[in-house]
Amino acid sequence: MIEARKRPSKPFGRQAITQHLQSAMMRRSANSAIFLSYSREGLAQEIGDWAEGVSESGYWIATTHPFLIIAIRFLVIQQKLNKLRAFESELDVTAVEQQIQQIRTALGRIRTIELLQKCFMV
-16 MIEARKRPSK PFGRQAITQH LQSAMMRRSA NSAIFLSYSR EGLAQEIGDW AEGVSESGYW
44 IATTHPFLII AIRFLVIQQK LNKLRAFESE LDVTAVEQQI QQIRTALGRI RTIELLQKCF
104 MV
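By our numbering, the letter at position 11 of the sequence shown is numbered -6, and the numbering carries on one by one without gaps.
Hints are computed from structural coordinates only; laboratory data are not their basis. For clarity, every value in this text was computed on a predicted model and none was experimentally measured. Any given hint might turn out to be false.
Cβ pair distances, simulated, as ranges [said to hold, decoys possible]:
{"id": "1", "residue 1": "P(-6)", "residue 2": "R56", "range": "23 to 31 Å"}
{"id": "2", "residue 1": "A(-1)", "residue 2": "Q81", "range": "26 to 34 Å"}
{"id": "3", "residue 1": "E29", "residue 2": "K(-11)", "range": "17 to 25 Å"}
{"id": "4", "residue 1": "K(-7)", "residue 2": "P49", "range": "17 to 25 Å"}
{"id": "5", "residue 1": "D75", "residue 2": "H48", "range": "30 to 38 Å"}
{"id": "6", "residue 1": "D75", "residue 2": "S6", "range": "33 to 41 Å"}
{"id": "7", "residue 1": "K66", "residue 2": "S(-8)", "range": "34 to 42 Å"}
{"id": "8", "residue 1": "E29", "residue 2": "T88", "range": "17 to 25 Å"}
{"id": "9", "residue 1": "V79", "residue 2": "S(-8)", "range": "36 to 44 Å"}
{"id": "10", "residue 1": "R10", "residue 2": "Q81", "range": "30 to 38 Å"}
{"id": "11", "residue 1": "D75", "residue 2": "R(-3)", "range": "28 to 36 Å"}
Dumping the calculated EDC-like pairs for lysine to aspartate or glutamate here, alpha-carbon to alpha-carbon at most 16 Å [claimed, not checked]:
{"id": "12", "residue 1": "K(-7)", "residue 2": "E29"}
{"id": "13", "residue 1": "K63", "residue 2": "E80"}
{"id": "14", "residue 1": "K(-7)", "residue 2": "E24"}
Heads up, the beta-carbon is just placed ideally off N, CA and C, and yes, glycines get one too.
Go ahead and model the full structure; you've got the sequences and the hints to work with.
Take a look at the structure:
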């Protein structure tokens, strides 16, 4: 499920996003969600361009449009990993989780580079 925002208001933080998506996921019987903000200004400083969280209904990602495809793929991977965990597959789930953590680290570096670029733009 994707919740998109393009309306002026104060930026959404982690708690507001969790509450908003929990309600939306319950209404739609969803088990994961993306909170998509049109621009960085719609997300609180604590969120940045990317944040992950969990509500009672499931896993969520908050991001901006440039990261939408990555967020969708990330949620698909999370869902598949959860199914594999449930069926006790022979797949080394720990190894896959380590790869996912490397992706998270890379996303953090991209976010840092983008922030530095914005600081030095004249």
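Violated hints - listed by number, lowest first: none
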